[in-house]
Amino acid sequence: MPRLLRHELLMFEALREGLGEEMERDPNVCVIGEDVGDYGGSYKVTKGFSEKFGSWRVLDTPIAENSFTGMAIGAAMTGLRPVVEGMNMGFLLLAYNQIANNCGMLHYTSGGQFTIPVVIRGPGGVGRQLGAEHSQRLESYFQSVPGLQMVACSTPYNAKGLMKAAIRCENPVILYEHVLLYNLKEKIPDEEYTCCLEEAEMVRPGTDITILTYSRMRYHVTQAAKTLVDRGYDPEIIDIRSLKPFDMYTIGESVKKTHRVLIVEECMRTGGIGASLRSAIMESFWDELDGPIGCLSSQDVPTPYSGPLEELTVVQPHQIVTAVENLCGKK
Amino acid sequence: MNGSKSMLKLAAAALSKGLQESPLKSGLAEKGNFCRTVFLTRRYSAECSGKETNPTSKKSDSGEIDVEIPVKFDLHLLESGPSQVTTTNKEELMKIYTDMQIIRRAEIAADMLFKSQMIRGFCHLYDGQEAVSVGLERALSYDDNVITAYRDHGIFLGRGGTVFELFSELMGKRTGCALGKGGSMHLYHREHNFWGGWGIVGTTPPLGAGLAFGQKYEKKPNVTAAIYGDGAGNQGQLFEAQNLAALWNLPLILVIENNHFGMGTAEWRSSKKTTHYDRVSYIPGIKTDGMDVFAVGEAFKLCKEHCLSGKGPITLEADTYRYHGHSMSDPGSTYRSRQEIQGMRQERDPIERVRKIILKEELATNEELKDLDKQIRHEVDEASAKAREAEFPGEEELFANIYKADSGLIVTGCDRKHSKVQMS
Numbered sequence: 001m002p003r004l005l006r007h008e009l010l011m012f013e014a015l016r017e018g019l020g021e022e023m024e025r026d027p028n029v030c031v032i033g034e035d036v037g038d039y040g041g042s043y044k045v046t047k048g049f050s051e052k053f054g055s056w057r058v059l060d061t062p063i064a065e066n067s068f069t070g071m072a073i074g075a076a077m078t079g080l081r082p083v084v085e086g087m088n089m090g091f092l093l094l095a096y097n098q099i100a101n102n103c104g105m106l107h108y109t110s111g112g113q114f115t116i117p118v119v120i121r122g123p124g125g126v127g128r129q130l131g132a133e134h135s136q137r138l139e140s141y142f143q144s145v146p147g148l149q150m151v152a153c154s155t156p157y158n159a160k161g162l163m164k165a166a167i168r169c170e171n172p173v174i175l176y177e178h179v180l181l182y183n184l185k186e187k188i189p190d191e192e193y194t195c196c197l198e199e200a201e202m203v204r205p206g207t208d209i210t211i212l213t214y215s216r217m218r219y220h221v222t223q224a225a226k227t228l229v230d231r232g233y234d235p236e237i238i239d240i241r242s243l244k245p246f247d248m249y250t251i252g253e254s255v256k257k258t259h260r261v262l263i264v265e266e267c268m269r270t271g272g273i274g275a276s277l278r279s280a281i282m283e284s285f286w287d288e289l290d291g292p293i294g295c296l297s298s299q300d301v302p303t304p305y306s307g308p309l310e311e312l313t314v315v316q317p318h319q320i321v322t323a324v325e326n327l328c329g330k331k
Numbered sequence: 001m002n003g004s005k006s007m008l009k010l011a012a013a014a015l016s017k018g019l020q021e022s023p024l025k026s027g028l029a030e031k032g033n034f035c036r037t038v039f040l041t042r043r044y045s046a047e048c049s050g051k052e053t054n055p056t057s058k059k060s061d062s063g064e065i066d067v068e069i070p071v072k073f074d075l076h077l078l079e080s081g082p083s084q085v086t087t088t089n090k091e092e093l094m095k096i097y098t099d100m101q102i103i104r105r106a107e108i109a110a111d112m113l114f115k116s117q118m119i120r121g122f123c124h125l126y127d128g129q130e131a132v133s134v135g136l137e138r139a140l141s142y143d144d145n146v147i148t149a150y151r152d153h154g155i156f157l158g159r160g161g162t163v164f165e166l167f168s169e170l171m172g173k174r175t176g177c178a179l180g181k182g183g184s185m186h187l188y189h190r191e192h193n194f195w196g197g198w199g200i201v202g203t204t205p206p207l208g209a210g211l212a213f214g215q216k217y218e219k220k221p222n223v224t225a226a227i228y229g230d231g232a233g234n235q236g237q238l239f240e241a242q243n244l245a246a247l248w249n250l251p252l253i254l255v256i257e258n259n260h261f262g263m264g265t266a267e268w269r270s271s272k273k274t275t276h277y278d279r280v281s282y283i284p285g286i287k288t289d290g291m292d293v294f295a296v297g298e299a300f301k302l303c304k305e306h307c308l309s310g311k312g313p314i315t316l317e318a319d320t321y322r323y324h325g326h327s328m329s330d331p332g333s334t335y336r337s338r339q340e341i342q343g344m345r346q347e348r349d350p351i352e353r354v355r356k357i358i359l360k361e362e363l364a365t366n367e368e369l370k371d372l373d374k375q376i377r378h379e380v381d382e383a384s385a386k387a388r389e390a391e392f393p394g395e396e397e398l399f400a401n402i403y404k405a406d407s408g409l410i411v412t413g414c415d416r417k418h419s420k421v422q423m424s
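These protein sequence lines are chains A and B, in that order. Just so we're aligned: 4 in the UniProt record's numbering is position 4 of the first sequence, and the numbers increase by one with no gaps anywhere. Just so we're aligned: 306 in the UniProt record's numbering is position 306 of the second sequence, and the numbers increase by one with no gaps anywhere.
No wet-lab data here; the hints were simulated from the structure. Fair warning: there could be bad hints in the mix.
Per the computed footprint, the stretches of chain B lying under chain A, defined by three or more beta-carbons under 8 Å from a beta-carbon of chain A, are [what the hints assert, rightly or not]:
no. : segment
1   : 166-179
2   : 324-335
3   : 390-404
Sample of chain B residues lacking proximity to chain A, with all beta carbon distances greater than 12 Å (derived) [said to hold, decoys possible]:
no. : residue
4   : Glu-240
5   : Arg-345
6   : Glu-368
Glycine included, C-beta positions come from ideal geometry on N, C-alpha and C.
Isolated chain A (complex conformation) (with noise of 0.2 Å):
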C-alpha cells in the first residue's frame, strides 16, 4: 500500500497553500486588504503573491477597513470572490456595519437574488501582552448576524482545508485563525483536499465527558487532558470549528455517549459562544445529559498588558482539569 505522501509545514504558510491554489483555480478570487501584496502579509499569509497574480489580485488597502470591507462586498455582489484580511481581526470592529447589514443580510432581503461569496480572514484572540485593543475576539460579537457562517482554524491541516471550503462557500464566511498560533507545525497530505465548513472535529475520542473547545484552547484540552488521563479520566475532546452554525450531529453523538459536558473557550464568558451553545445543548439533550453544562470562559475584562493578569485572563490548563474533576466526580 503506497504510503501517503505529505509535507510539513506552519500554519501560516498551510494557510498561503490553501489560499494560493483557490487563487490558481478560479481566477476571481481576489485578496484585500492591508499590507497584504508587497509587504507579504503581516503575518506573511500572503508571501509572494502579489509577485504571482498582480497587484490587482492582491490589493494593497489604505487603512480604510470600513469602505473596503464594503467595497469586497459590492465586489463580491458582481461575482468576484474576494479574501478581505483583517490585519488583526478586532479592526474589523470598524467595518461592523458592512459585515452585519450588507454582507449577512442581502442574500434574504433581496429575496435571493444577491449572494455574497466573501471571505474575511484575520488573526484574533488574545496573543502574548498585546494589549487590550488587540486582543479582540470578534465570534461572539457576529455570532447572532444571521446569514453569516463563522469557522476557527486550529491546525495547518484544518486551517488550508477552511481557507479552501469557505473561498469555495456561496455564503459569506468569516475565518478565524489565532495569533499565537500561526508557527504551528503539522504533515498534510500532498494532495488536495477541502474541510467541511459545518463540521465539528473529533480530536480525541473518549467515554467520561465531552470536552467542546475550538482555536486555540483547543491546546489547552489536550494539555489538561493529559494530566486528567493520568488521573483515570477518558475525556472526549471534539474540536467544534464551525461557530455557526454549530454542528448539532455530532455534539449530540458525543453527549449521548458520555453525558457530561464541558466547553472550554476563549471567548468573554458575557455572550459569548459558549452561551449559545450551551443553551444549544440544553435545549436539544436535556435528558441525556447526567448534570450540569461546565463552561469556562475569558474573564469578562479587557484583557489586560501585564504578563500574569492576561494569563488570568485566559482559561489555563489547570483550570480545565478542576472543572472535569468537579463534573466527573473524583476517580
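Guided by the hints, dock chain B onto chain A, whose structure is given.
Then chain B, alone, in the frame of chain A:
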C-alpha cells in the same frame, strides 16, 4: 390666490419680527416662533430667472428639437462641461414625460397607501426628484450599475422595475421584487443591474466602489453610479471610498442627490461646505440643476465618458428637491416653509418643464396630455389594486434564503426547535 395671501402674511410677520436678513440670503434659524422655519425658495429663485418654467426650445425640419439647459453647469477640475443645449425628439420627450409621471403617480399612490396603513415602517418618497432618475437613464444603460440609498422607489422604476413589483414589495407581498422581505428601503432589480436599496446612510459609496471594482476587474466597458444624499456627504466611509476609487481609477460616478435637507437638518446646519461636487481636491465634479431632466442627462453623459476613458471617479451633484418630508413620518414642513415647497412646485417642477416643451412644440395637445395623465393614473391604480390582492409570503419564506443553497444541512439557531434553516 391663497399662496400669495399667506405669503404676504408671513412676510409681514417676518418684518414685524425684525428679521434683518434679505429673503435673498439663506434664512438662518432664529429663536422664537420662526425657529424652525427657513426661507429657502428665494435662495434658488435668485438663480432661477424664470427661464426654467419657460424653457426655450427650437424644432428643426427633421423633427429634432433643441432644448436649452438654462442653469449653467458648475465644474470642478474639469476643463469643459456638457453643452447647454440638448437635442431630443417627440418620441423621447413623450417617453421622458411618461416615465416621470409614472414615478410621480406611484409616489402619490404610495403616500395614500401608507396613510391607509397598507404600507408600514419607513417610506421615503421620491416625488420632486424624478428628473434625476429619468435623466440618469438617458445616459446610462441597463449594463451599467446603479446603487442607491433608501429613497429608491424612483430609481427602481427608472431601472425598469414595474409599479406592481414596487407596490407588492411596499406592502410586503410575495410578488414584490424582494419577495416582500426587503420593503421600501430594499428594492432590487438584478437583471437591470440595480443593486439596491440600502438603509444605512453612507453605505453606498464603498459598495459602489466594489461594483466598479468588479467592472474593472472583469474589464467591462461599463460604469457604476453610486447615489447618496447630502446627509451622507459627511460620512467617513464616503471619504474612504473616494480615496479608494481615485487610487485605483475605478469607473465610479459618485452621484449626490442634494435635496438640501438631511431629514430635518438643513445642509448649512450640518455641513461646513454645502456643495459636494468640489469637495475632493483630486476628483473632478460637476454640479447640475437636478430638476431639469436634460441637464441631468447631459451631466451623466459627460460622467460616463470620463469614467470609461480610464480617468477614474467623478462626482455628479444634482441640485434637487423632495416635495414630501424625509419619510412619511415627517410632514416636511417643520423645517421648511410651505412657501418654499410651493415655490419649488411652481418654478422648478421637472414634469411641468417637459410638459411646457411638449405643448410649445405642439407634439401633443393639452387634451392628449390630460388623457395620458389619466391613463397613467389608471395603470398605477390597477397595479395598486393588484398588489393589494396579492398574497403575503408563506411561512416557509421566513427561513428561506438566509444562506445560499449548499450542503443539504439543516442549520438551527440556539433555539433548536424553532429556528431551522434548510441549506439545500
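Each hint, compared with the structure:
no.: 1; hint: 166-179; verdict: holds (count 4)
no.: 2; hint: 324-335; verdict: violated (count 0)
no.: 3; hint: 390-404; verdict: holds (count 5)
no.: 4; hint: Glu-240; verdict: 3 Å, violated
no.: 5; hint: Arg-345; verdict: 34 Å, holds
no.: 6; hint: Glu-368; verdict: 39 Å, holds
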